[in-house]
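*Asks:* Residues per chain, in single letters:
Protein chains: 2
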Amino acid sequence: MTKLYHYPLDPFCRRIRLSAGEYKQELDLIEEKPWQARAEFLQLNPVGAVPVLISDEDVVAAGTEAVAGFIEDNRPEGCPSQVGANDKERAEVRRLTAWFDTKFHHEVSAPLLIEKVIRRFVPPEAGGGAPNMAVVRQALDTVRPHLEYIGALTEDHNWLAGDEISIADFAAAAHLSVIDYLGDVPWSENEKAKAWYQRIKSRPTFRTLLSDKVTGMPASRIYADLDF
Amino acid sequence: MTKLYHYPLDPFCRRIRLSAGEYKQELDLIEEKPWQARAEFLQLNPVGAVPVLISDEDVVAAGTEAVAGFIEDNRPEGCPSQVGANDKERAEVRRLTAWFDTKFHHEVSAPLLIEKVIRRFVPPEAGGGAPNMAVVRQALDTVRPHLEYIGALTEDHNWLAGDEISIADFAAAAHLSVIDYLGDVPWSENEKAKAWYQRIKSRPTFRTLLSDKVTGMPASRIYADLDF
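Those protein sequence lines, which keep their order, are chains A and B.
Per our numbering, the very first residue in the first sequence carries number 7; after that it's consecutive.
Per our numbering, the very first residue in the second sequence carries number 7; after that it's consecutive.
Worth flagging that the hints you see were computed from the coordinates, not collected in a lab.
Watch out, some of these pointers could steer you wrong.
As the list makes no split between identical chains, a pair holds if one copy fits it or if it spans any two.
Each computed DSS-like pair below joins lysine-lysine, with the alpha-carbon atoms no more than 30 Å apart [what the hints assert, rightly or not]:
1. 94 - 219
2. 39 - 109
3. 109 - 9
4. 9 - 198
5. 94 - 9
6. 198 - 39
7. 200 - 9
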């Protein structure tokens with residue numbers, strides 16, 4: 007079976023897991039803590055980041071772009087592309103995917119993941135320790151405008167880029183699900199965004215994310231609740 | 007004709023111009039200074055970044071992922087893909103493209119471009135002013151290991167990901183060409199990397215980059231020289 011080296015709370019790995027799940031591609035998940043910089047893992051991906059995929063034919067796809075590309079290139083025949091059906095749709099899907107994988111990640115999910123999770127696990131000399139609360143507060147303040155954007159995008163259609171679910175939804179939901187695990191999404195602030203997240207959270211492929219557990223860090227009360 | 011909003015020294019725009027040129031897709035280049043945050047441009051791309059492409063059919067592709075995807079999706083029929091011919095090649099091309107667009111950009115081309123170019127043009131209250139020389143020095147020190155990596159990758163084949171030129175070469179050359187304009191690439195340090203850059207610099211599509219000019223900032227002496 008195709009192997010995926012992943013870290014449960016890594017948003018990029020989550021995006022890949024959703025994408026593969028919707029294409030009915032099974033993945034054998036192997037947990038990797040990228041900050042440990044294991045020598046064998048650095049052989050697979052010299053930048054030391056998850057996700058990394060190894061196919062049955064021993065193709066190594068290292069990093070989000072390579073893994074996402076592999077999943078898309080190997081989608082089941084006849085299955086509609088998760089990137090969109092024509093130039094206009096594909097441009098919008100790719101724009102929004104980059105919005106969440108770059109802008110949202112930089113402003114919200116990366117700082118929260120680093121401050122609240124990773125700094126617990128790395129030694130002090132590598133930057134470990136208590137979270138920097140100024141960084142945490144700034145990231146939390148930035149969640150709201152992103153929820154408003156999701157709300158505006160889903161005003162007239164079910165999914166972020168249009169009537170069909172796409173990698174833009176998987177990227178957005180992946181990043182939000184990480185901070186939802188930490189209990190940091192103010193869902194009551196935007197009904198439309200909450201309704202969109204309820205739709206994607208109810209899909210069978212999402213269940214794998216809802217059962218993720220990080221040792222010593224229980225998920226927020228509503229994390230696995232479909233009626234939050 | 008397809009329009010491309012670009013900034014001449016933006017590495018992502020340069021990657022797109024090389025890619026489109028190699029596919030013989032003509033682009034009508036429109037210069038945009040993204041730090042000016044023009045209202046009409048923000049309508050096209052809410053994150054305010056170049057490149058943005060507008061097709062003859064009025065498809066707006068905003069951001070590198072959307073534009074690169076559009077160029078690839080619309081390549082001339084029968085033309086070999088610049089992403090590679092099979093899963094193994096495509097995984098390597100995508101890994102290396104991300105290496106230069108993410109790691110090299112973060113460590114080298116973004117800090118040098120910001121400190122040496124953009125800070126000249128923005129007002130002091132928006133971060134303009136003299137370059138921060140500590141940042142510049144650190145970025146310059148990091149060029150060398152990247153040249154070594156290029157040298158190692160081209161030890162046994164002509165192009166970064168194998169025997170065929172790919173978007174990985176366009177990405178790497180685009181980022182390096184920006185700092186070469188500034189005169190900051192120590193080419194004599196790695197003969198293999200220099201030979202690879204000579205190969206790509208000699209291609210007809212590269213000429214458009216070599217004639218780029220930034221007002222008040224002449225290119226380095228060797229920038230347009232094919233025998234540097």
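*Asks:* Which numbered hints does this structure break?
*Replies:* 1, 4, 6 and 7
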